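**Q** Take a look at the letters that make up each chain.
There are 2 protein chains.
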Amino acid sequence: MRRAVVLLSGGLDSAVTLAVARSAGFEVHALSVDYGQRHARELDSARRVAAQVGAADHRTVALDLRVIGGSALTAPTAVPKDRSVAKMGTSIPATYVPARNTILLGIALGYAETLGAFDLYFGANALDYAGYPDCRPEFLQAFEALANVATRASVENLTRFRVHAPLLQLTKAQIVREGVRLGVDLGLTWSCYDPTPAGAPCGRCDACVLRAAGFAAANVHDPAAPGA
Amino acid sequence: MRRAVVLLSGGLDSAVTLAVARSAGFEVHALSVDYGQRHARELDSARRVAAQVGAADHRTVALDLRVIGGSALTAPTAVPKDRSVAKMGTSIPATYVPARNTILLGIALGYAETLGAFDLYFGANALDYAGYPDCRPEFLQAFEALANVATRASVENLTRFRVHAPLLQLTKAQIVREGVRLGVDLGLTWSCYDPTPAGAPCGRCDACVLRAAGFAAANVHDPAAPGA
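Order-wise, the sequence lines are chains D and W.
Residue 156 in the numbering used here sits at position 156 of the first sequence, and the numbers go up by one each step.
Residue 184 in the numbering used here sits at position 184 of the second sequence, and the numbers go up by one each step.
Hints are computed from structural coordinates only; laboratory data are not their basis.
Do not take every clue at face value.
One copy or two, either will do: identical chains are not told apart, so a pair holds if it fits within one copy or between any two.
Computed cross-link-like contacts, SDA-like style, restricted to lysine to any residue with a CA-CA straight-line distance of at most 25 Å [as the list claims (entries may be wrong)]:
#1 Lys87 - Met1
#2 Lys87 - Val155
#3 Lys81 - Ser91
#4 Lys87 - Ala213
#5 Lys87 - Ala62
#6 Lys87 - Arg47
#7 Lys81 - Ala56
#8 Lys81 - Val155
#9 Lys87 - Thr114
#10 Lys81 - Ser23
#11 Lys81 - Arg47
#12 Lys81 - Asp57
Keep in mind the model is a prediction, meaning the values are calculated, not measured.
Next up, chain D with everything else stripped away, as it sits in the complex (with noise of 0.2 Å):
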């Protein structure tokens, strides 16, 4: 069987990336990426949504970036709070961590060559959140071309490498509904960035607002809502 690298995070983008790769006849190895995220709560999701979507594999890989900081999800910033979807797309949120594609990608890379894989699974998304400029169709083909000429099996003319986002031009509703439809316990699932001291989503960062909206617009109800 052919194998896929899945990147998860934990989140209902990547649970939902992960079962369209299972779903497309791969044997997918989910990787996941301690960045140190201020929503480490989001790792143990990754693990208990490998497992239900049936992954032969999870790994967590640990990375410091808050070595090199920039972003309120790896230093003591404040999380931007009660932002409406209409105003998310118009700039980048602190909540951006540089570079951070760029780098999960090249380590889902390097694991992929490990295993003899060629396809990468990623969950960006453009049309709900354009705001990070790492998750756009542009970057993705460049990460795709970089891959191409990275690699040993570039220098060796072996298969290429894919970068697959099978969710980049869907509404975080349509999100909602194929995980339905493919069978992912959506309530495994973790979005927020700031969870209270007690454990729970906070319901107001972007993470918990779009989450919210694709739900409701889905007409789905979510297990893990704040107070569900």
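We have chain D already, so just place chain W on it with the hints.
**A** Just chain W now, with coordinates in the frame of chain D:
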């Protein structure tokens, strides 16, 4: 003063690259990555080199690449020994770390973003060691293209990122001479992949063999040679 981020392994090439960046007039910010390499000894060298060359800052990011494996540098596999320089370029050696330079440049890019730097320096060398796919000019060009769609600056239409590889077309002997010319204390640098239990260079791995050949061809005494 304009800032540059310099990837500093602690080896000869990256030390000379740091000095080149400094002599080009940049305020240099050195960045090392502790990726689980068996020759973590090089990280001590990096710290000393950064101070001697006059870096404004030196940081070390921890990233555990042992989780994904695939290299003799991060696994308990044997490091190749006693290979001739002529033989090294003919195939990708066991010391290749999958996607390592993609990941290192990704972290450097993130650090540059937080510093407001647009210049990345990287000690890749294509001439005396063509064995690594991610030291080739086409790799560096692809990474530069990626950097310019991956970041905040690429959305906000700011300055373009540049990836500098000033040693790319130099022989090892030319690198040694450039280091001497720029006043780098080459005795502080560390090349060996497989230090002895006593902490000395093995003298037999590819890195030791290339280094010795370079110093010999430059007619320069290596103050850090085994037994020197």
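**Q** For each hint, tell me whether it holds in the structure or not.
**A** Status of the hints after comparison with the structure:
Proximity of Lys87 to Met1 under the C-alpha cut-off of 25 Å is found in neither arrangement, the shortest distances being 44 Å within a copy and 36 Å between copies. In the homo-oligomer, the alpha carbons of Lys87 and Val155 lie at most 25 Å apart only across protomers (17 Å), although the nearest pairing inside one protomer, at 45 Å, exceeds that limit. Taking the closest pair of Cα atoms, Lys81 and Ser91 come within 25 Å of each other only inside a single copy of the chain (15 Å); across copies the shortest separation is 53 Å, beyond that limit. Within a single copy, Lys87 and Ala213 get their C-alpha atoms as close as 14 Å, which meets the 25 Å cut-off; across copies the closest is 60 Å, which misses it.
When the C-alpha separation of Lys87 and Ala62 is checked against a cutoff of 25 Å, the pair qualifies neither within a copy, at 33 Å, nor between copies, at 36 Å. For the homomeric pair Lys87 and Arg47, neither the shortest alpha-carbon distance inside one copy (32 Å) nor that between copies (44 Å) is at most 25 Å. Neither within a single protomer nor between protomers do Lys81 and Ala56 lie at most 25 Å apart by alpha-carbon distance, with minima of 37 Å and 36 Å respectively. Taking identical chains as interchangeable, the C-alpha atoms of Lys81 and Val155 lie at most 25 Å apart only when they sit on different chains, with a minimum of 23 Å there against 47 Å within one chain.
Proximity of Lys87 and Thr114 under a CA criterion of 25 Å is satisfied inter-copy only: 24 Å between copies versus 42 Å inside one chain copy. Proximity of Lys81 to Ser23 under the C-alpha cut-off of 25 Å is found in neither arrangement, the shortest distances being 36 Å within a copy and 45 Å between copies. Proximity of Lys81 to Arg47 under the C-alpha cut-off of 25 Å is found in neither arrangement, the shortest distances being 27 Å within a copy and 40 Å between copies. Taking the closest pair of Cα atoms, Lys81 and Asp57 never come within 25 Å of each other, the shortest separation being 35 Å inside a single copy and 34 Å across copies.
Checked against the numbered hints above, the structure breaks hints 1, 5, 6, 7, 10, 11 and 12 and satisfies the rest.
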